Amino acid sequence: MSYHDKYEAVIGLEVHAQLQTESKLFCGDSAAFGGSPNTHVSAITLGHPGTLPKTNKKAVELAIRIGLACNCEIERYNYFARKNYFYPDLPKGYQVSQHTAPICKGGHVAIHTAEGKRNVQLNRIHMEEDAGKSIHDIDDNNTCVDYNRAGVPLVEIVTEPDLKSADEAYQYITELRKLVRWIEVCDGNMEEGSLRCDANVSIRLKGETKLGTKVEVKNLNSIRNVKKAIEYEIERMINVVESGGVIVQQTRSFDAATDTTFAIRDKEEANDYRYFPEPDLPPFYLTDEFIEGIRQKLPALPEQLSLHYQQLGLGEYDAQQLCLEKETADYFNAVIQLTTNYKAAANWMNGPIRHYLHEHKLHIADFSLAPQRLAEMIQLVDEGKINFSAASSKLMPALLATGSAPALETATALNLLQVSDSSEITGWVDAVINKMPDKVAEYKKGKKGLIGLFVGEVKKISKGKADPKVVTGLLEEKLK
Amino acid sequence: MFTFRGIQQYFQLLASNQATCEEAVQYFLHKITDNTHLNAFLEIYAEEALERARQLDTKRKAGVPVGKLHGVVVGIKDVICYKGHKVSAASKILEGFTSIYNATAVERLLAEDAIIIGRQNCDEFAMGSSNENSAFGNVLNAKDNSRVPGGSSGGSAVSVQAGLCMVSLGSDTGGSVRQPADFCGIIGLKPTYGRVSRYGLIAYASSFDQIGIFASSVEDAATVLEVIAGQDDYDSTSSHKPVMPYLQQNTAPAKKIAYFKEALSHPGLDPEIKAQTESFLQKLTTEGYDVQPIDFEYLDYIVSTYYILTTAEASSNLSRFDGVKYGHRSAKNAPTLADFYKNNRSEGFGKEVKRRILLGTFVLSAGYFDAYFTKAQQVRKLLLDKTTAIFKDFDAIISPTVPTPAFKIGEKSNDPIEMFLADIYTVFANLVGIPAISLPLFTHSNGMNFGIQVMTSHFDEENLLHLSKDFMRLRISE
Chain A
42 MSYHDKYEAV IGLEVHAQLQ TESKLFCGDS AAFGGSPNTH VSAITLGHPG TLPKTNKKAV
102 ELAIRIGLAC NCEIERYNYF ARKNYFYPDL PKGYQVSQHT APICKGGHVA IHTAEGKRNV
162 QLNRIHMEED AGKSIHDIDD NNTCVDYNRA GVPLVEIVTE PDLKSADEAY QYITELRKLV
222 RWIEVCDGNM EEGSLRCDAN VSIRLKGETK LGTKVEVKNL NSIRNVKKAI EYEIERMINV
282 VESGGVIVQQ TRSFDAATDT TFAIRDKEEA NDYRYFPEPD LPPFYLTDEF IEGIRQKLPA
342 LPEQLSLHYQ QLGLGEYDAQ QLCLEKETAD YFNAVIQLTT NYKAAANWMN GPIRHYLHEH
402 KLHIADFSLA PQRLAEMIQL VDEGKINFSA ASSKLMPALL ATGSAPALET ATALNLLQVS
462 DSSEITGWVD AVINKMPDKV AEYKKGKKGL IGLFVGEVKK ISKGKADPKV VTGLLEEKLK
Chain Z
3 MFTFRGIQQY FQLLASNQAT CEEAVQYFLH KITDNTHLNA FLEIYAEEAL ERARQLDTKR
63 KAGVPVGKLH GVVVGIKDVI CYKGHKVSAA SKILEGFTSI YNATAVERLL AEDAIIIGRQ
123 NCDEFAMGSS NENSAFGNVL NAKDNSRVPG GSSGGSAVSV QAGLCMVSLG SDTGGSVRQP
183 ADFCGIIGLK PTYGRVSRYG LIAYASSFDQ IGIFASSVED AATVLEVIAG QDDYDSTSSH
243 KPVMPYLQQN TAPAKKIAYF KEALSHPGLD PEIKAQTESF LQKLTTEGYD VQPIDFEYLD
303 YIVSTYYILT TAEASSNLSR FDGVKYGHRS AKNAPTLADF YKNNRSEGFG KEVKRRILLG
363 TFVLSAGYFD AYFTKAQQVR KLLLDKTTAI FKDFDAIISP TVPTPAFKIG EKSNDPIEMF
423 LADIYTVFAN LVGIPAISLP LFTHSNGMNF GIQVMTSHFD EENLLHLSKD FMRLRISE
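Chains A and Z are the protein sequences, given in the same order.
Numbering-wise (my numbering), the first sequence opens with residue 42 and increments by one.
Numbering-wise (my numbering), the second sequence opens with residue 3 and increments by one.
Read the hints as simulated data drawn from the structure, not as lab findings.
Values in this document were obtained by computation on a predicted structure and should not be read as measured data.
Please note that the accuracy of each hint is not assured.
What the hints assert, rightly or not - Below, in silico cross-link-like pairs of lysine-lysine (BS3-like), each with a Cα-Cα straight-line distance of 27 angstroms or less:
#, chain 1, residue 1, chain 2, residue 2
1, A, LYS95, Z, LYS383
2, Z, LYS394, Z, LYS344
3, Z, LYS334, A, LYS174
4, A, LYS174, Z, LYS394
5, A, LYS174, Z, LYS327
6, Z, LYS327, A, LYS95
7, A, LYS95, Z, LYS243
8, A, LYS95, Z, LYS85
9, Z, LYS243, A, LYS98
10, A, LYS47, A, LYS205
Please construct the entire structure, taking both the sequences and the accompanying hints into account.
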């Protein structure tokens, strides 16, 4: 037994998610990512003397939306506070934040681990404004600051110290990112920084109930990095303790080039942020009605939707596949308004459509086939007018190319419809029987498996148009 | 020759072609030039003001409808932003800074045809009671040049006192309009918190600051207030309450007046001021007012409460002046980021501003926050409750504006505590957010004017101004 097994890790994550609003949290400047440096900046963003904040209502709505999606309790009485510290990318010398009084309390996010499904407990979700960006590498002698991002609305989603491994953290971020995208509060783009993660990691002996000294790891800009950093940190801490050392409470940064972490400051250097209520913004009250209005507009969440699909008869795996992304589920929902063959619809989505998108490097949102056309194809297959393989390999690409023509019309034009008329099929069946006397003899002696060969042969000469069910029936009849 | 005897009379002169806006501006420019020793203005917009005056004259003569402040010549305190013009809060730290936008109050003045003639000297970042804290020198009291004009809006008060403009906009966080008005013998009005937008007013203490008006008559103050007051989308703390035509109704004021017993028995109160105030209260009784003494057991707490809360907010509000984005940047070598900030801010801020930033930083610090900031907030709440209770029974509260008359330059500059304590009567209105006015009713045996302060309940500027008009009538009839 390795010494590793003596320890367990306790992990809490703080995720900053940029809210998808048009404008900033406290002024009308664009909140869009990018843009030439310092172009989304008014006097307010730049903290010019005399400027004042005004709260963006949309940001408050989005914060509540995510709180409801995470089963949080929504605080009715809200106010902002100032977090005071000096840094060049912080225009006012303080950040306006709900750090002291979060809009969402408690709540949880479900994750799927090897041991099954469990809820990761949240401590809170609060709103705050983002800082600008210091750029150290474009000028040898100066640090440059881009204030475009300053004032962009964020929510900070804070878990309880409820995660037990790097894998769980990985699962949690994956689920959280899926969720914020699903409910359209954040684009979840970690590379552009719209989702950022800090991890609080500690270890303790198994069975111990007290938390160990924690280390905060910052700068985790991908889900992979979250996992790698935590793995490294747990290993490092165990080694420190095993070699008789003591873990120091500190803030560390992750180096993605080496998958290691390094200390950036000790606790002793921690700032006193001198929080106090932001006097420029009066407290605001949320009515039950306002919150209910937001709840009404919340889409069905992946977890609920997956259960719903399973109730419609889909397998768990298929159902979950359809719920990986909101756009996929939206498409599926549109299709099942038009057909009751849910299973077939799921097979199309998880089969040919997924392959097509993958092959063409497309997102479901860019998939141009109208749900109506897919429903028509399902119906044609169900009615035996076309077989599934012809539908997926020939008809679907044709429909994607032609755009709006109905499936039946396109299939007819392409001569893909199966022939069920027995007189024409009888001709092909007879031709095959005549062509293969030896095989026919073997079949008659009892080698019944040869029926497949005959059917295949008919398929070949009919160029796929003969309905296999009718062909099989006729063959069995004639070879009795 | 042009003379100014009130805005309404000026409008009549204009209407009857006996004066032009240009003549008015010329007149004030001459007066300013003759009084540069007072150091009331930091910058004069002479050409610009003349040009605007000429445009207004042309417009008026062409029959274009005129604005509510057509041709009114206004000075603005150097803490109010005027697009394309320098604003420095009388501090070195904003040297070279030009505002890129208009304060809402300025926007509204301009929309009603006012002419802004220049920016006025004040205590640095509006912190002070004597105008001795300006980075650009003292302002002198026009009546006695050896005395202070009061502060922090000293330049704005002296401008009206010496007739350098018709009215001034100042700012009042704890008496910075009323106290210099008292020292200079003019009207100083601080509206209800939230009545005038703070957008574009350089913040000292956000939950106390309010733009105020200096005028030579109650009517002029009311006229300006009607223009600059009202809700503003850029200031979330501005009120949606409608703006009243404050003096147009000829209604008699509501006459139940209270005064704080403790205020008049305060040991720091100048005996002459006490006597005159008491005799005025007496006179009110004979004039049909119902004047009642009431207990106000919190008087000794209000100055400390005020300084804890305002310095706390100031320490944060002034963090943006760091030399990164604008303003003073030290020429000294800065090996670290902390050195960079220290150099810029140590060189840029004056002594009083540093004192208040330090005090405010201290009261917000971990370990002291509850003992100071939280406690002071509790006192503030108590004061508000008390105020609400008082105004259930009374229409107004009267007190002296300042416990002493205008003092000599340098007399108190080494005793900040004494200077702070002199704010005892004015800070109350800012702590609870009510409107207050200083009325120049008296003259001291030392020759200086002083006044009384009248306060009414939240957003009751209407009664405040009606009372003021009546009290001024009593002075005139003396």
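Hints, verified against the model:
1. Between A:LYS95 and Z:LYS383, the direct Cα distance comes to roughly 25 angstroms. Compliance with the 27 angstroms bound is thereby established for this hinted pair.
2. For the proposed pair Z:LYS394 and Z:LYS344, the alpha carbon gap of about 50 angstroms is over 27 angstroms, so the pair is violated.
3. Simply put, Z:LYS334 and A:LYS174 have alpha-carbon atoms about 25 angstroms apart, close enough for the 27 angstroms limit, and the pair holds.
4. A threshold of 27 angstroms between alpha carbons decides the hint, and for A:LYS174 with Z:LYS394 the separation of about 53 angstroms lies outside it, so the pair is violated.
5. At most 27 angstroms may separate the alpha-carbon atoms for a hinted pair to count; A:LYS174 and Z:LYS327 meet this at roughly 14 angstroms.
6. Between Z:LYS327 and A:LYS95 the CA atoms are separated by roughly 22 angstroms; this keeps the pair inside 27 angstroms, and the hint holds.
7. Between A:LYS95 and Z:LYS243, the direct Cα distance comes to roughly 18 angstroms. Compliance with the 27 angstroms bound is thereby established for this hinted pair.
8. At most 27 angstroms may separate the alpha-carbon atoms for a hinted pair to count; A:LYS95 and Z:LYS85 meet this at roughly 21 angstroms.
9. For the hint linking Z:LYS243 to A:LYS98, the alpha-carbon distance of about 22 angstroms falls within 27 angstroms, and the restraint holds.
10. With a C-alpha separation of about 14 angstroms, the suggested pairing of A:LYS47 with A:LYS205 holds against the 27 angstroms cut-off.
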